[in-house]
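2 protein chains.
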Amino acid sequence: MGAPRPELLSLNTATVKQQWSLAQVIDGCARHGICGLAPWRDKVAEMGLKPAAAAIRANGLTVTGLCRGGFFTSPDFLSDNLRAIEEAHELGAQCLVLVVGGLPAGSKDLIGARQQVKDSIEKILPEARKAKVPLAIEPLHPMQAADRACVNTLEQALDICDALGDGIGVAVDVYHVWWDPKLKAQVERAGKKRILAYHICDWRVPTRDLLNDRAMMGDGVIDLKMIRSWVESAGYSGFHEVEIFSELDWWKRDPDEVLRVCKERHPFT
Amino acid sequence: MGAPRPELLSLNTATVKQQWSLAQVIDGCARHGICGLAPWRDKVAEMGLKPAAAAIRANGLTVTGLCRGGFFTSPDFLSDNLRAIEEAHELGAQCLVLVVGGLPAGSKDLIGARQQVKDSIEKILPEARKAKVPLAIEPLHPMQAADRACVNTLEQALDICDALGDGIGVAVDVYHVWWDPKLKAQVERAGKKRILAYHICDWRVPTRDLLNDRAMMGDGVIDLKMIRSWVESAGYSGFHEVEIFSELDWWKRDPDEVLRVCKERHPFT
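From first to last, the protein sequence lines stand for chains A and B. Heads up, the first sequence is in our numbering, so the first residue is 1 and it goes up one at a time. Heads up, the second sequence is in our numbering, so the first residue is 1 and it goes up one at a time.
The shape of chain A in the complex, shown without the other chains (with noise of 0.2 Å):
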């Protein structure tokens, strides 16, 4: 546990969203030896959905994710994740990331949206059950529980996960759930079973924007190496799936430097 394992790494599409289209973190991630990629829909959709997944499989590549379902209080919800299920199919992802949804316009129902993602859910489930596509709920920050998921820790992931069976987990994105004092519990509650897939990246002080001011892995404060501990205890033993957000300084650097360091980090991680 804990030894470096470089086949491990995936790159999220996002860390790298300024500046580079699918096909050239396709080719980035063969060039620079990353065995993983989790692609965001925005991205396969401009690239082309067979194209994308056909350029994936040539190299050999892991889809660790598809970037993303969700946004159950939208009225759109269920033609919009039906399709992502069948994009995630086609792609060979191993989960569909579900980002669920803040409060719907103009509401305070905060209880009642969290009623309207579980109810979602429990819809879609059957069909990505049938696609084989493993649906895995990511507790965003609660300082984005307004206005993007109203799943907020690891937690209440797992009490809808409990509640609707088979063909769901969680993504456990260290940037969401690293200040929970619940997190180790939860982690070991979620076992190999729940936990589909796991991001990293790490929390700047200070943090200037509520969205996208991630910092590299080995910049900020989370003890990388702790949280990959107990998730691996858990039994989980697949990607390590970098997800960065900068606005201010990792979207703005060339992205041959941002994958050379995020190779360089990972093994501290």
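What the hints contain is simulated information worked out from the structure, not anything from laboratory work. This list has only true hints and no planted wrong ones.
Note that the list lumps identical chains together, so a pair holds whenever it fits in one copy or between two copies.
Listed next, the in silico PhoX-like pairs over lysine-lysine satisfying Cα-Cα at most 25 Å (straight line):
#1 K17 x K43
#2 K108 x K263
#3 K108 x K225
#4 K184 x K108
#5 K263 x K43
Following the hints, complete the assembly by docking chain B onto the known chain A.
Chain B in isolation, oriented as in the chain A frame:
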């Protein structure tokens, strides 16, 4: 329950911190018929402890809390907190609010910081009991875990209270806890014994700063009436203290306008 109670409005001096000294806040509360106030210690020091206490008494104002003790992960926490207890006693404050501090400089040891916080509170608690100053742990929003407070949920704060016994409770600030899926249950658990203060404001969408972008009650997405009903059902019947950090809006306004709007909005919270 839920009926307007204008006599329960309290003003935290932070709400007009850029505009008014403590003497001006005391005068403002008296003029606007606001019965409670909660001063920050820098404002008290500026005015002088005894003159401040005298002016507050002369105007018949209730001190709903002194802000703040805490920062237990700093080397000089002990002397500073003992002074804060004395000041709270002198002011007749209903509690001393504890902002417990985040990670020590250069540290990633969140679990260690939390243990340090608990151990340090245990050290000062006997002095607080002697002075009859209840200590109110204020769980801060998880986005402030690194730099301001590593106690981030009501559940976590109440676990500390339960371990330490009498003379300690929590300050429930809607801004910090509104997102919490376990809020209702933990407010019930806290009950009359542990809820020492209730702070109100609102969560702005979008939030432009992690510290100083709070909204006036009614201008955000927090269901204030509901949370108040939970707090009252738990047995709390004390003040509703308005604490708004707002670099871009309320700190720029005429403070008499700020107090007027606080009074106007209070019945709807």
